[in-house]
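*Asks:* If you're matching them up, the sequences are chains A and Y in order.
Take the first sequence: its position 17, counted from the start at 1, is 418 in this note's numbering, and no numbers get skipped.
Take the second sequence: its position 57, counted from the start at 1, is 783 in this note's numbering, and no numbers get skipped.
Calculated from the structure, these hints are not laboratory results.
Every value quoted in this text rests on a predicted model; they were computed, and no experiment measured them.
Heads up, a few of these hints could be off.
[As the list claims (entries may be wrong)] Here are the simulated DSSO-like pairs of lysine-lysine, each with C-alpha atoms no more than 27 angstroms apart in a straight line:
#1 A:Lys442 <-> Y:Lys833
#2 A:Lys456 <-> A:Lys467
#3 A:Lys415 <-> Y:Lys768
#4 Y:Lys833 <-> A:Lys467
#5 Y:Lys833 <-> A:Lys465
#6 Y:Lys727 <-> A:Lys456
#7 A:Lys442 <-> Y:Lys727
#8 Y:Lys727 <-> A:Lys421
#9 A:Lys415 <-> Y:Lys833
[What the hints assert, rightly or not] Facing chain Y, from chain A, some residues (calculated, C-beta under 10 angstroms):
#10 Arg411
#11 Arg514
#12 Leu518
A virtual CB, placed ideally from N, CA and C, is assigned to each residue, including glycine.
Take a look at the letters that make up each chain.
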Amino acid sequence: GAVVSQHPSRVICKSGTSVKIECRSLDFQATTMFWYRQFPKQSLMLMATSNEGSKATYEQGVEKDKFLINHASLTLSTLTVTSAHPEDSSFYICSAFSPDISTDTQYFGPGTRLTVL
Amino acid sequence: KQEVTQIPAALSVPEGENLVLNCSFTDSAIYNLQWFRQDPGKGLTSLLLIQSSQREQTSGRLNASLDKSSGRSTLYIAASQPGDSATYLCAVSQGGSEKLVFGKGMKLTVNP
């Protein structure tokens with residue numbers, strides 16, 4: 402149980418285009434979803450927290466107009482990287498929280514590798 | 727602001743050694759601490775979770791301890807194997823529904 406999927410697992414795009422990444426909780430309803438970013442040899446850094454049906458809360462330094470987060474349902478959150486640039490190339494990982502599963506932790510997706518040419 | 731540090735950044739050992747991985751955090755007001763494993767290009771696998779009220783947790787060859795007052799945790803790996811080669815991440819949170827603050831990880835290589 403508590404499986405989180407991400408799609409796509411890997412994406413390559415041209416500079417200036419937009420890319421959408423999906424995060425799904427497959428067997429539970431997630432009240433909260435988190436989006437993290439990991440640059441090479443760096444730690445995972447939280448980008449934003451989203452609750453179903455409400456606007457995402459972005460961490461300081463993360464541009465909300467560039468990284469659009471939609472949490473339309475209790476099982477799906479999407480991250481859209483708009484007008485992507487090479488510096489946005491990174492590993493994006495989502496996680497999902499449900500107090501019905503555990504009040505102690507989040508469950509992580511497998512990640513999406515974004516490469517912007 | 728919570729900061730999590732893992733030193734060293736990398737470690738290479740021969741198979742069979744017992745290992746200690748260190749993690750320190752600056753704010754002792756944590757809810758819990760987790761150790762994760764990350765294989766290259768992959769997501770995270772949760773290894774052990776220690777509640778702030780606990781001192782240690784064990785799972786197979788892994789044992790994690792927590793000294794909240796001093797802001798430290800260690801992950802002990804007994805009888806290391808080549809399959810243990812991965813990056814190990816330490817993370818703390820101030821609540822189950824709160825964000826995790828991660829260290830940069832320690833890349834472990836266990837040589838046959």
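*Asks:* Hint by hint, where does the structure go against what was stated? Just the numbers, ascending.
*Replies:* 4, 5, 8, 9, 12
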